[in-house]
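Student: Residue strings, one per chain:
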Amino acid sequence: MSVSTPHVKKPVSASAPAPRAAGERRDGRPRRGVKPSRVLLVALLTVAALYFLLPVYWLVVASTKSSADLFGTFGLWFSDPQWLHNLSNVFSYADGIFWSWTWNSVLYAGVGGALATLLAGAAGYALAVYRFRGREAVFKVVLAGVLLPSTTLALPMYLLFSKAGLANTHWAVLIPSMVSPFGVYLCRIYAEAAVPAEMLEAARVDGAGEWRIFGTLALRTMTPALVTVFLFQFVGIWNNYFLPLVMLSDDRKYPITLGLTTWQTAAQRTPELYQLTIGGAFLSILPLAAAMLFLQRYWRSGLTQGSVKG
Amino acid sequence: MSTTSNRTTTSAPGGRRSARPDRAAWGFLLPFVALFLFTFVLPLGYAVYQSLLTPVRSGPLGLGPATLGFAGLDNYTLALRQSAFLESFARVLLFGLVQIPVMLLLSTGLALALDTLSHRWAGIMRAAYFLPYGVPGVIASILWGFLYVPGVSPVVELLGKAGLAPDFLGYDNVLWSIANIVIWEFAGYNMLVIVAQLKAIPQELYEAARIDGASPWQTAIRIKLPLARPALVLTGVFSIIGTLQLFAEPLVIKPLTSTVTNSYTPNLSAYNEAFANNNIYLAAAESVLLALVASVLSFGFLSLVNRKERDAR
Numbered sequence: 043m044s045v046s047t048p049h050v051k052k053p054v055s056a057s058a059p060a061p062r063a064a065g066e067r068r069d070g071r072p073r074r075g076v077k078p079s080r081v082l083l084v085a086l087l088t089v090a091a092l093y094f095l096l097p098v099y100w101l102v103v104a105s106t107k108s109s110a111d112l113f114g115t116f117g118l119w120f121s122d123p124q125w126l127h128n129l130s131n132v133f134s135y136a137d138g139i140f141w142s143w144t145w146n147s148v149l150y151a152g153v154g155g156a157l158a159t160l161l162a163g164a165a166g167y168a169l170a171v172y173r174f175r176g177r178e179a180v181f182k183v184v185l186a187g188v189l190l191p192s193t194t195l196a197l198p199m200y201l202l203f204s205k206a207g208l209a210n211t212h213w214a215v216l217i218p219s220m221v222s223p224f225g226v227y228l229c230r231i232y233a234e235a236a237v238p239a240e241m242l243e244a245a246r247v248d249g250a251g252e253w254r255i256f257g258t259l260a261l262r263t264m265t266p267a268l269v270t271v272f273l274f275q276f277v278g279i280w281n282n283y284f285l286p287l288v289m290l291s292d293d294r295k296y297p298i299t300l301g302l303t304t305w306q307t308a309a310q311r312t313p314e315l316y317q318l319t320i321g322g323a324f325l326s327i328l329p330l331a332a333a334m335l336f337l338q339r340y341w342r343s344g345l346t347q348g349s350v351k352g
Numbered sequence: 312m313s314t315t316s317n318r319t320t321t322s323a324p325g326g327r328r329s330a331r332p333d334r335a336a337w338g339f340l341l342p343f344v345a346l347f348l349f350t351f352v353l354p355l356g357y358a359v360y361q362s363l364l365t366p367v368r369s370g371p372l373g374l375g376p377a378t379l380g381f382a383g384l385d386n387y388t389l390a391l392r393q394s395a396f397l398e399s400f401a402r403v404l405l406f407g408l409v410q411i412p413v414m415l416l417l418s419t420g421l422a423l424a425l426d427t428l429s430h431r432w433a434g435i436m437r438a439a440y441f442l443p444y445g446v447p448g449v450i451a452s453i454l455w456g457f458l459y460v461p462g463v464s465p466v467v468e469l470l471g472k473a474g475l476a477p478d479f480l481g482y483d484n485v486l487w488s489i490a491n492i493v494i495w496e497f498a499g500y501n502m503l504v505i506v507a508q509l510k511a512i513p514q515e516l517y518e519a520a521r522i523d524g525a526s527p528w529q530t531a532i533r534i535k536l537p538l539a540r541p542a543l544v545l546t547g548v549f550s551i552i553g554t555l556q557l558f559a560e561p562l563v564i565k566p567l568t569s570t571v572t573n574s575y576t577p578n579l580s581a582y583n584e585a586f587a588n589n590n591i592y593l594a595a596a597e598s599v600l601l602a603l604v605a606s607v608l609s610f611g612f613l614s615l616v617n618r619k620e621r622d623a624r
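Chains as they are written, first to last, in the working numbering: chain A, 43 to 352; chain B, 312 to 624.
Do not rely on the hints blindly, as some may be mistaken.
[Unchecked claim] Each computed DSS-like pair below joins lysine-lysine, with the alpha-carbon atoms no more than 27 Å apart: (1) 182(A) with 619(B); (2) 77(A) with 510(B); (3) 472(B) with 619(B).
[What the hints assert, rightly or not] If you only want the chain A side, here are some residues facing chain B, beta carbon under 7 Å, derived: (4) 83; (5) 97; (6) 114; (7) 118; (8) 129; (9) 164; (10) 168; (11) 197; (12) 199; (13) 281; (14) 323; (15) 328; (16) 331.
[Stated by the list, open to error] Over 10 Å on every C-beta distance to chain A, these chain B residues come out as not near it, computed from the model: (17) 365; (18) 391; (19) 408; (20) 483; (21) 572; (22) 585.
Because the hints were derived from the structure by calculation, they are not lab data. For every residue, glycine included, the Cβ atom is placed at its ideal position computed from N, Cα and C.
Work out the full structure: start from the sequences and follow the hints.
Tutor: Here it is in C-alpha cells:
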C-alpha cells in the first residue's frame with residue numbers, strides 16, 4: 043500500500059551535487075560575525091517562542107489569582123499571588139474529585155499505553171520477521187486503521203459496548219486505548235531494520251523458542267521504537283477527549299480532560315469554578331510538560347529511526 | 312527478514328528452527344488482531360448496519376411501540392439533505408485548506424531555521440515550540456478561550472489599547488480562532504517530525520553544497536526541503552485526518568459564542584444527533600459518511616503525492 047512509501051524511503055542523494063575531490067575541501071563555515079540576517083532569524087524564532095509560550099505563561103499567572111483578580115486585573119502580570127490556596131481548593135473541591143480524575147488519567151494512559159506498546163511490538167515483530175500467508179493482508183488492514191479517524195469509530199463503539207455492558211466502565215476507555223495501528227506500523231519498520239535474521243537464526247540454533255527469542259532478544263533490540271510508541275500512545279490517550287466523553291457517564295471515572303470541561307461548563311452558574319478550572323488545567327499540564335521537555339531528545343531520535351529506516 | 316533462510320548451519324539440532332513459523336507468527340499477532348477487530352472492524356460494521364435501520368412506529372398516530380425496520384439508504388439521504396450537515400463538511404474543508412498549509416509552512420520554517428542555529432539555542436527553542444503538544448486539546452481550547460474573551464483576555468486588552476478591537480469570537484473570525492488553537496497545538500510536533508527527517512540527511516550533502524558555493528538559503532530550499540518531503544507527506548496526511556475529526560476545540564468554544572452551532576463540524580453533528588436528538592441511526596450514517604470522506608481524502612492525497620514523486624524521477 044502506498045502509505046509505506048512516503049517516509050520509509052531513504053533520502054536519495056542522486057539529485058544533489060557530487061562531492062568534489064578531497065583536496066578541495068575547506069572549512070566552509072561562515073565567520074562568526076553578527077550578520078543582520080542572523081539577527082532577524084533569531085528575532086523571528088524568539089517571537090515564535092513567545093507565541094507558543096503565551097497561553098502557558100498566562101495560565102501560570104492566572105493560577106495564582108483570586109477569582110476577583112482573575113477578571114479585574116491585567117492577565118499577564120501577578121496580583122496578590124495565592125497559589126497554595128488556589129491549588130489546595132482544586133484538590134479539596136467535591137470530596138477531592140480531582141484526585142480521581144488524575145488517577146483515572148494515569149490508569150488509562152499508563153496501563154493502556156503499556157499494553158498497546160506490547161501488543162504493537164509483538165504484532166510489528168511478527169510482520170517484520172515471519173513470512174506467512176495473510177501477512178500483507180494484515181498489514182494493509184493495519185494501515186487502513188492508521189488512516190481511519192478514530193472519533194468516527196467512537197460512536198458505534200459506544201453502541202456496541204453498551205450492548206456488551208461495557209459502557210461507563212473503566213474498560214470502555216482502556217480497551218480501545220490498547221490498540222495502536224500506528225504503533226504496529228512503526229514497530230514493523232523498526233524491527234525490519236534492527237532485528238537481524240542472523241541473530242534469530244543463532245538463537246534458534248541455540249534452542250531458544252520463538253517466544254523466548256521475542257521476550258529476551260527482540261524486545262531489547264526494539265526498545266527505541268517501543269519507547270516511541272509508548273510515548274505516542276500515552277500522550278494520545280491522555281489528550282483523548284471524545285472517547286471518554288462518549289463512553290462515560292459517571293464523573294468519578296472521568297479522566298482530567300473530561301473532568302475539567304465539566305467544571306468549565308458549570309462555571310457559568312458557579313463562577314468560583316473558573317479559578318478551579320484554571321488551577322486544574324495548570325496542575326494537569328505539569329507532568330506532561332515536564333515529560334515533554336525531558337523526553338523530546340529521545341522522542342526525536344526514536345522518530346528518526348521509525349521514519350527513515352527502510 | 313525471513314526465518315527460512317537456506318543457509319543451513321550444520322550443527323542445527325533437529326528441525327527446531329523451521330517448526331511452524333506460521334503458528335508462531337499468528338501467536339504474536341493474535342492479541343493485537345483480536346482487539347483490532349473488536350475496536351475497529353466490528354464498530355465500523357456495526358455503524359454501517361445501524362445506518363441502514365430506522366425505528367418504525369406502530370399504532371394510531373405512531374404512538375405504539377416502536378420496532379426496528381430496514382431503512383435502506385434513507386438515513387444517508389436524510390443526512391445529505393440536511394444543509395447544516397453539508398455546511399459542516401464545507402466548513403472543515405475550508406478550515407483544512409487554510410489551517411494545514413499555514414501550519415506546515417510554520418513548522419517547516421521553524422525546522423529549517425532551527426537547523427541553522429547553534430545547538431544550545433536550538434534546543435531551548437525546540438522545547439518551547441514542542442511544549443503545546445503536551446497540552447490536551449480541550450485544555451488548550453479552555454486556555455485560548457480565556458485569551459479570546461473580552462474582559463478576561465490580556466490579548467484583547469492590549470490590542471484594544473493599540474487601537475485595534477479584534478472580535479475573536481465573531482461570526483467571521485471564530486473559525487480562524489479555532490484554527491489558531493489547532494496550529495498552536497500541533498505546529499511544534501510537526502516541526503519535530505521534520506527536524507527528525509532533516510537530521511537524517513547525510514552531512515556530505517551539505518558539505519558538497521557548501522563547496523559548490525550554495526548559500527544557506529539555497530541549501531535550505533534546494534536540498535533540505537526536497538529531502539524533508541516524506542516528513543511533510545506524513546504530517547500532511549495526519550493533519551487531514553485530524554481536521555475532519557475536529558470536535559473538542561469547537562465544543563469548548565461553543566459556550567463562549569453563539570456562532571458555533573450544534574452541527575459546526577461533522578463530528579459535532581453526529582455526536583449531537585446521537586446524544587441530544589437520540590437518533591443513533593442517523594448518527595451512524597453521519598459517522599460512516601465522515602469515515603468515507605476522511606479515507607477518500609487521505610488516500611487521495613497520498614496517491615497524488617506519490618504520483619508526483621514518480622513523475623519527478
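Student: A separate judgement is required for each hint: does it hold in the structure or not?
Tutor: Now the hints, each set against the structure:
1. 182(A) with 619(B): The given pair, whose Cα atoms are some 23 Å apart, holds under the 27 Å limit.
2. 77(A) with 510(B): Satisfied, since the Cα-Cα distance of roughly 25 Å is no more than 27 Å.
3. 472(B) with 619(B): 49 Å, violated
4. 83: For residue 83(A), the interface hint holds, since the closest Cβ of chain B sits about 6 Å away, which is under 7 Å.
5. 97: 4 Å, holds
6. 114: 10 Å, violated
7. 118: Interface hint status for residue 118(A): holds (5 Å vs cutoff 7 Å).
8. 129: 16 Å, violated
9. 164: 4 Å, holds
10. 168: Since chain B brings a Cβ to about 4 Å from residue 168(A), closer than 7 Å, the hint holds.
11. 197: 5 Å, holds
12. 199: 4 Å, holds
13. 281: Constraint on residue 281(A) satisfied, holds at 4 Å.
14. 323: 5 Å, holds
15. 328: 10 Å, violated
16. 331: 5 Å, holds
17. 365: 15 Å, holds
18. 391: 17 Å, holds
19. 408: The claim holds: residue 408(B) sits with its nearest Cβ about 18 Å from chain A, beyond 10 Å.
20. 483: Non-interface label on residue 483(B) holds, nearest chain A Cβ at 22 Å vs cutoff 10 Å.
21. 572: 17 Å, holds
22. 585: 6 Å, violated
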